[in-house]
Amino acid sequence: MDTGLQRILRWFQRVTKQRRCFVTCLMLAGCSGTGEYPSKPILIVCPWAQNGGTDRVARRMAALLEEDLGVNVNVLNATGGEGVSGHSQGANAKPDGYTLTLMTVEINMLRWRGRTKLSHRDFTPALLVNRDPAAIFVREDAPWMTLKELEDAVRRAPETLRASGTAMGGIWHLALAGWLVSAGLKPSDITWVASQGSTPALRDLLAKGSDLVSCSLPEAKTLMLAKEIRCLGVMAPERQALFPDVPTFAEQGSSWTMGAWRGVGLPRGVPQRVLDVLVPALARAARSEPFLEYMKTEGFGPACELPADFERSLEATDDRMRGLLTSDAFASLSKNRFSPMLFPSILGGLLAAVVGALLATRGLRLEPGGGTATPLGWVRFGEGLLFIAAYALFSGVAGFILTAGPLLFLALWRLGTRPRFAAPIAAGAALLAYVVFGRLLRVPLPRGWIEW
Amino acid sequence: MGEALLEAARQLLLDPRILWIIFLAAVYGIFIGSIPGLTATMAVALIVPLTYYLSPLEALAAVVTLEACAIFAGDIPAALIRMPGTPSSAAYADDLYLLSQRHGPGYPMGVSVVFSVAGGLVGAVALAFLAQPLARVAVKFTYPEYFWFYLVGLGCAVVVSRGSPLRGALALLLGLLFSTVGMSAVHSQPRFTFDREELLQGINFIPAMIGLFGFSEVLRNLAAFGAPKGEPVAAGSGKAEPAGFWRRWVAGPWMSVYGNTLPLLWLRKGKAALASGIGAVIGVLPGAGADIAAWVSYGVSKKLSKKPDEYGKGSLEGVIDSGAANNAALGGAWVPTMVFGIPGDSITAIVIGILMMKGVRPGPRIFEEQAPLVYGLYLVFVIANLLLIPLGFLAIKAGSRLVRVPRRILLPIIMLSCIIGSFAINGSTFDVWVMLGFGLLGFVLERFQVPLGPVVLGIVLGGPLEEAYIQTLTASRGSFGAFFERGGSIVLAGGAILLWLSPLFRFIRRRPASPAGGGGA
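Protein chains in written order, with my numbering: chain A, 16 to 467; chain B, 350 to 870.
Just so you know, the hints here were simulated from the structure itself, not pulled from any lab data.
Beta carbons are placed, not taken as given, at the ideal position from N, Cα and C, and that holds for glycine.
Be aware that one or more of the hints could be misleading.
[As the list claims (entries may be wrong)] Here are the computed lysine-lysine pairs in the BS3-like style, where the Cα-Cα straight-line distance is at most 25 Å:
hint	chain 1	residue 1	chain 2	residue 2
1	A	132	A	109
2	A	201	A	163
3	B	489	A	242
4	A	132	A	163
5	B	652	A	223
6	B	746	B	652
7	B	707	A	242
8	A	223	A	163
9	B	618	B	652
10	B	746	B	707
11	B	707	A	311
12	A	242	A	163
[What the hints assert, rightly or not] Label pairs and their calculated CB-CB ranges:
hint	chain 1	residue 1	chain 2	residue 2	range
13	A	380	B	847	27 to 33 Å
14	B	714	A	167	49 to 55 Å
15	A	327	B	826	42 to 48 Å
16	B	708	A	107	35 to 41 Å
17	A	375	B	753	52 to 58 Å
18	B	652	A	398	26 to 32 Å
19	B	708	A	346	43 to 49 Å
20	A	393	B	609	27 to 33 Å
21	B	489	A	367	35 to 41 Å
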């Protein structure tokens, strides 16, 4: 039991040691870019939310890299836009090796669906760490025992079954639709109910809201082991080592395969000397006992493809996705029959009605005692807005301390603190905030010239 | 069962290490929760790497303590500077703030602690004794039921809003419209993004909340700068009694915070239990968490209250009921997590990851296979909540000292914390701009006496509401009958429709009695 405690102590020691390193760095002011890699905290951008599989892989990877490289490795969840936000943040970061992205299969898809101009070519591939094939799940009480039976059921009565698993046109939807096409059916023969990821989809499957779910094996693992759902087949050529009882599509006469992958990438233009350190470290982590053990308990398919192989498989997947997503059969895939403007229009109509009613009843009036603003106050008000705007504009360039410190000083001074008091308060508060949030709690802060 | 319980108690209480972990997690949770913008979910995600070094029970203990403390701590900045620290405190932020202005922060905050603890304990009881039946009901919810349920939650926010429900509806609709910006999950099509990539991620409710409540408050203070204004009431209002060390430094402050809370607990036991029950049940539903629990419970509380006029203007009852409900929801969220491995909220979703990593598989069999762990979880809930009483006291005292710092120094620091919180969510400066925009919006809305809470709730629930709406229609191929097909959805639909029509009934009923009161109340 003591080893765990010792590890925590070591973790704290490392944090404090780095703080000392950071003070010397501050004195050198501008040590970034020179010297040994890595000498500063590394950031892994995860394009998906804090509770998903990608996040879990990113955080496990981060912990192992941290032990290996001896610097803090933090995870930032830049979510939204079905992965566009995170991937573009990662691709547009400074190519100094301190921003990594845990890329996902969506980078091969988004471009062909017209969501972004970003592609895998905007990244330097470093290491592919995981591959998970898609699979089809039904409730334990469902009548179909094999893929063939499901296929026949769809053929007999098209458009009666409902499936779910991810957003319209997302990877698991593509997997299901692709199988339908490969079996000579139409993608629309099974109605796709879009959901935010597989968790709500599985929940709805249990509640009998839908008939089948298409997602990866690890996502459905707990419900499968609890005997609530069963898997009709996995879209891979061979059975998965971690799920030996799950039959493949190939065994059941379908050659269709589809799956997701996760891999670490860096922005284009990363110097070779950085890759020489980073890639072996990543590979060591991906092959390490704790990582493999972790992947096993989670049910993720472990993989370890070095840059050359990773690049090749990226190209291959991208070609395949272009073929699929730009074909006629898939053109309507990401279109919902209900217009995206339906809900906003209803809201807009209601809003107009409410505003009308408010105006008619003269319900919208200024607060009676709200006129306490003074002319000087309005000046301060404008300066408050400028404070935030200046921070938003400069923090991405100058970094946290160099933006927050001077701005705090200005704000304190304008509100009537004498400069000789304002200066130490501003410097102290900015440094303290940096140490507490950036270092101890590892909350993301803007990085810039001197990296914080 | 007895054996497993004893084993759990032995593991928990006789091991100084786990008690240390609980203590540190509590301090950390209070700290994170009391900073607006740093949420309980984020706090849990940040300690995930540490859990690699912990045993399963230790990891669970850390998470449970952390979330209980963070959700309570969201009340601290709400009371002191009218900025809710977490979205689940937004429902009653105004009440708590006005009460603190009137009585000093000690007493209202003490009440908030005591009822948070009571709510948390009710949640733990629900988890311990009703897990299996509750979870069975919760997983029967399909999209139409969720649709109506979200409408109930939103309706509560409108019905309770101070003054005219129309202004509440205006605020809510604004929030719902903001939620449609960006890529919609059900359509996978960008909306209102004006071809800008940053807008694809949409408007996150955390920066919006910081802007609406936090930054707009800063702006109000700045606009009134230089105007003669009374400083806020100091904590305990400085009754300088000549007394001994014990009374002056320990018993006195303690009594000023917790002195009258026990009789109050007894007086309100029934309603607080109802509120906690509501909170726990809402927590059990996957996809509905402490935020909605606080609003619904606030609405119910106002409906049942003898003094509904006080709500929004400093109602202790509102603080009590929704404060209890949001803590009770935490225990509820663990129910589907443990029984089915389906997370009840965003925190338990992370918990599933931690459990799986430890080789503990959530599912119906966890109650037999891992009995000591499950009982340990119940005990941790109790310990964590009881620990809130002393730690909450210290946090209240520290917080009330902090607000006595002169405004000219406090305001810039609050602005900095607004920025740090907004940036931290996605690591993007776009969210800082969002915060700025919503600060201005909040300032303007306040001027027109439009409540801000419903805007936040609208942004939070807009996405899920639209999803449930479109999903129901897709699944039924466009037939509206699907909204009323199942027993559960009919009941919820009835509730939602009645709730939404209730202001109208009141309006019609009052019309003939007092024709002059048209625009008022």
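Taking the hints in turn, this is what the structure says about them:
Taking the CA atoms of residue 132 of chain A and residue 109 of chain A, the gap is about 19 Å. The hint holds against a cut of 25 Å. Taken as a hint, the residue 201 of chain A and residue 163 of chain A pair is honoured in the structure, with Cα atoms around 16 Å apart against an allowance of 25 Å. Between the alpha carbons of residue 489 of chain B and residue 242 of chain A the distance comes to roughly 17 Å, so the proposed pair stays at or under 25 Å and holds. The hinted pair formed by residue 132 of chain A and residue 163 of chain A fails the criterion: a straight-line CA distance of about 39 Å is larger than 25 Å.
Only pairs whose Cα atoms come within 25 Å are accepted, and residue 652 of chain B paired with residue 223 of chain A is rejected, the gap being roughly 35 Å. This hinted pair does not check out: residue 746 of chain B and residue 652 of chain B have alpha carbons roughly 33 Å apart, beyond 25 Å. Distance restraint check for residue 707 of chain B and residue 242 of chain A: the Cα-Cα separation of roughly 21 Å lies within the 25 Å cut-off, and the hinted pair is therefore satisfied. Simply put, residue 223 of chain A and residue 163 of chain A have alpha-carbon atoms about 22 Å apart, close enough for the 25 Å limit, and the pair holds.
Taken as a hint, the residue 618 of chain B and residue 652 of chain B pair is honoured in the structure, with Cα atoms around 17 Å apart against an allowance of 25 Å. Taking the CA atoms of residue 746 of chain B and residue 707 of chain B, the gap is about 39 Å. The hint is violated against a cut of 25 Å. Our distance criterion of 25 Å between C-alpha atoms is met by residue 707 of chain B and residue 311 of chain A, whose separation comes to about 11 Å. Simply put, residue 242 of chain A and residue 163 of chain A have alpha-carbon atoms about 22 Å apart, close enough for the 25 Å limit, and the pair holds.
Remark: the range hint 27 to 33 Å for residue 380 of chain A to residue 847 of chain B is upheld by a beta-carbon distance near 30 Å. Separation of residue 714 of chain B from residue 167 of chain A is about 35 Å and departs from the stated range, judged on CB atoms against 49 to 55 Å. Checked against the hint of 42 to 48 Å, the C-beta distance between residue 327 of chain A and residue 826 of chain B comes to roughly 43 Å, which is consistent with it. Residue 708 of chain B and residue 107 of chain A have their C-beta atoms about 39 Å apart, which keeps the hinted 35 to 41 Å range intact.
Range check, residue 375 of chain A to residue 753 of chain B: Cβ separation about 47 Å, and the 52 to 58 Å hint is violated. The hint said 26 to 32 Å for the Cβ distance between residue 652 of chain B and residue 398 of chain A, and at roughly 44 Å that hint is violated. Distance hint check for residue 708 of chain B and residue 346 of chain A: the Cβ-Cβ separation is about 45 Å, which falls inside the suggested range of 43 to 49 Å. Taking the beta carbon of each, residue 393 of chain A and residue 609 of chain B are about 43 Å apart, not inside 27 to 33 Å as hinted.
Evaluation of the 35 to 41 Å hint for residue 489 of chain B and residue 367 of chain A yields a pass: the beta carbon distance comes to about 37 Å.
When each numbered hint is compared with the structure, violations occur for hints 4, 5, 6, 10, 14, 17, 18, 20.
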